[in-house]
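Just so we're on the same page, our numbering is the position in the sequence shown counted from 1, plus 187.
Calculated from the structure, these hints are not laboratory results. Careful, some of the hints might be misleading.
Between beta-carbon pairs, the in silico distance windows are [to be verified]: (1) Asp208 - Ala303: 37 to 45 angstroms; (2) Gln250 - Arg221: 35 to 43 angstroms; (3) Thr228 - Ala303: 17 to 25 angstroms; (4) Ser289 - Asn209: 19 to 27 angstroms; (5) Thr228 - Tyr251: 38 to 46 angstroms; (6) Leu262 - His218: 24 to 32 angstroms; (7) Arg210 - Lys275: 46 to 54 angstroms.
Ideal Cβ placement from N, Cα and C applies to all residues, glycine included.
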Amino acid sequence: MRVSPSSIPEVLIIEPDVFRDNRGFFTETYHEERYGRFGITSRFVQDNLSFSVRGTLRGLHYQYPRAQAKLISVLQGEVLDVAVDIRKGSPSFGKWTGIELSAESMRQAYIPEGFAHGFCVLSETAVILY
């Protein structure tokens, strides 16, 4: 697994290890200990599954007063995933970062507490898990 910062260092881009053979592939979408080594220690309290068509813009959403972190995966299609820092007093307050995620790349985005989240569907359709 490779993890790198986005243009906002707390928002991470995750490239999981994918094991492929003639039967297909296998990958872990989350492993508490392994992700924890990269500082991803959030307690995920809710999973959402969204199906949308090309051009759909969802967001920007945030949870208040109990902020939630998100781990975003695209199961089908491609999206531009966006995080906006809404933490007052943060050096990156008001700044945003965008990450292209697709089922083909299997990349994930980690968005910590204190960020608004949204996405725009780039493919004909997309299924997003977050």
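**OP:** If any of the earlier hints don't hold here, list their numbers in rising order.
**Re:** 2, 5, 6
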